[in-house]
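Participant: Next come the chains, spelled out residue by residue.
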Amino acid sequence: MRPNLWPTLGRIPLYLFGLTMLVPFYWMLTAAFKPVPELTKNPPSFVPHDPTLDAFYDPTYTPEQRGEQVVAGLFQRFSDVPGGFGRFMFNSLLVATTITVLSLLLASLAAYALTKMDLPGKRPIFVVIVASMMVPWQVSLVPNYLIVRNLGWLDSYQGYIVPALAKAFVVFFLVQYMRSIPDDLVHAARVDGASEWRIWWRVVMPLMRPALAAMAIFVVLAEWNNFLWPLIIVQSDSMANLPVALSRLNASNAYNPQHFAVIMAASLLTSLPTVVVFLVFQKHFTRGIALSGIKG
Amino acid sequence: MASTTTSPPAGVQVSHPVRRAKRAPALRRMRLRRALPGYLMLLPFAALFAGFLVWPLLNSLYFAFTNYNGVKPPTLVGFDNFQRLWFEDERFRTALVNSFAYVAATVTLTTVLALALAVAFHGTSWRDRIMRTLFFLPAVTSTIAVALIWRWIFTVEDFGLANTVIGWVGVEPVQWLATPSLTIPILVVMAVWGGCGYGMVIFVAGLNAIPEEHYESARLDGANAWQQFWYITLPQLKPVTTYVVITSLISAFQVFEAVYIVFRGVSSVGGVQDSGLMLVPYLYDMGFTKFQLGYASAIAWSLFIVIFVVSMIQLRVTRALREL
Chain H
1 MRPNLWPTLG RIPLYLFGLT MLVPFYWMLT AAFKPVPELT KNPPSFVPHD PTLDAFYDPT
61 YTPEQRGEQV VAGLFQRFSD VPGGFGRFMF NSLLVATTIT VLSLLLASLA AYALTKMDLP
121 GKRPIFVVIV ASMMVPWQVS LVPNYLIVRN LGWLDSYQGY IVPALAKAFV VFFLVQYMRS
181 IPDDLVHAAR VDGASEWRIW WRVVMPLMRP ALAAMAIFVV LAEWNNFLWP LIIVQSDSMA
241 NLPVALSRLN ASNAYNPQHF AVIMAASLLT SLPTVVVFLV FQKHFTRGIA LSGIKG
Chain Y
1 MASTTTSPPA GVQVSHPVRR AKRAPALRRM RLRRALPGYL MLLPFAALFA GFLVWPLLNS
61 LYFAFTNYNG VKPPTLVGFD NFQRLWFEDE RFRTALVNSF AYVAATVTLT TVLALALAVA
121 FHGTSWRDRI MRTLFFLPAV TSTIAVALIW RWIFTVEDFG LANTVIGWVG VEPVQWLATP
181 SLTIPILVVM AVWGGCGYGM VIFVAGLNAI PEEHYESARL DGANAWQQFW YITLPQLKPV
241 TTYVVITSLI SAFQVFEAVY IVFRGVSSVG GVQDSGLMLV PYLYDMGFTK FQLGYASAIA
301 WSLFIVIFVV SMIQLRVTRA LREL
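Just so you know, the sequences run in chain order H and Y. Mind the numbering: the first sequence is residues 1 to 296 in UniProt numbering, read in order. Mind the numbering: the second sequence is residues 1 to 324 in UniProt numbering, read in order.
No lab work stands behind these hints, which were simulated from the structure alone. Among the hints, a few may not be true.
Claimed, not checked - Taking CB as the label site, the calculated pair distances span: (1) H:S236 to Y:P73: 45 to 51 Å; (2) Y:L234 to H:P43: 41 to 47 Å; (3) Y:L234 to H:T98: 42 to 48 Å; (4) Y:H214 to H:R202: 24 to 30 Å; (5) Y:V97 to H:T52: 43 to 49 Å; (6) Y:E172 to H:T20: 21 to 27 Å; (7) H:M205 to Y:R34: 32 to 38 Å; (8) H:S79 to Y:L234: 56 to 62 Å; (9) H:L53 to Y:L43: 47 to 53 Å; (10) Y:A26 to H:T98: 41 to 47 Å; (11) H:Q158 to Y:I130: 40 to 46 Å; (12) Y:V54 to H:K41: 40 to 46 Å.
Heads up, the beta-carbon is just placed ideally off N, CA and C, and yes, glycines get one too.
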């Protein structure tokens, strides 16, 4: 057993601190379900007296009522965008899943070539990939914006996806992991006459599952929450992902507290999927962080 | 890749250099032919990596020495951008000072807290696991959503959560987001809340990797819990601590979303009197609201230099401390 530094009594402050970690989430949750008058009441209610779904969709709302303690629900806004708020959820989902699947495929192919094959010149290539991780990604922001603009990809799914596909960190992580797979397995498959592509897909990829799962979670989360790049390339309302839509919702309503129930409802819908993914795949998740943390 | 046909590349593992030098061209061709699928496998990643990372980085380096607005072709201006940035630009100085204050506070608090939490909750009991999940939740929540929650908590209205809580102890409501001296502390609270769970997970992995025998022999020697922590746990955690410090340092220097969402005003990204202006918000402001792309690139490379130098100093200090 490890020494018990925090006797049971001494742990109580830490448990309390753990509870305060939840306060912001709780405050978002309550605000999202409060009716507008209760939202701006002083002192605030800590449990909604009269929980309502109005912040998401207010069946009694008509545009004429606007301004008198009545605001449009989240799914009643963005009327110029087909699908309204659902469109942003679709955009986020599409972009995050596409980038995750493609970037993991590309990275695992590259990692296989770099670890399991005898390629002249592979060492300098790997050095460049690792060295690129030292440069903050924001350094490439301006030129990438210009490249995407010149390709005519501003405000498009290509603009979201293609520049995000080559992830040096994923290659680095997969190479580290792949080194622990015995070369003998690969040699044996080669002797049996399997092609390199087949060995990659049939022999190595199944063994890489834990590493791939960890990286998939990382990439999905990062892309779901990605903000600065979409902020720069998105121009029309309908191409926004959830973070950009949230930021616009905030920019147009932030000075009127009556709209905060809607803003909190949108925040809730944005954070819920990642929280659920985390809770379901928690084990892969912490293992991935630990692996990358200890080895990196 | 082209170098393979002329001379052996510098880094390639060569087990028998003499034999290799005499290798017949036929053998080398065979090796290349066997390697062909490998290059094909590498190609999609390498092409995108070159096109959307290496090439942009080189471009950015070039832009940093030019005057460029994205419309007219860039004109070379030598070190003018860096000269202006580092010696004349008041806003850049503000951004640097803010960044350093923010990073110092965030990294210190996050690391200490993460270590304390890891020591308290590294076990396998369900209570420990629930606590670890709790502390990690902010790390997986959208930074924009989180920033909006904080904006709602720190609203200037009397019914804001922060104003209500300080009201319980008799303090008058505070104009949280409109008070320049409170900007950095609020950002630090947000960052520590959001970041301590990530550090904790890494510390937990580090703690569980310490061999049990160390503690057993220490106990045989009569060491109490604190002595075991001080003389075994802490020294064993040094590499993990360095990792936590450096990663949180790097991410703290890159802060953008919190500033942009919580403090951006109508005319400036940096909040009231630029009190929340930091390096990436300034980069965004110069690049994408004022379209001074050359100048913005100089800011971007300055960000790299700052992070690089600070990480190097951090590594040196750790190494020096280890030798003590």
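Participant: Of the numbered hints stated previously, which ones are contradicted by the structure, given in increasing order?
Facilitator: 1, 4, 7, 12
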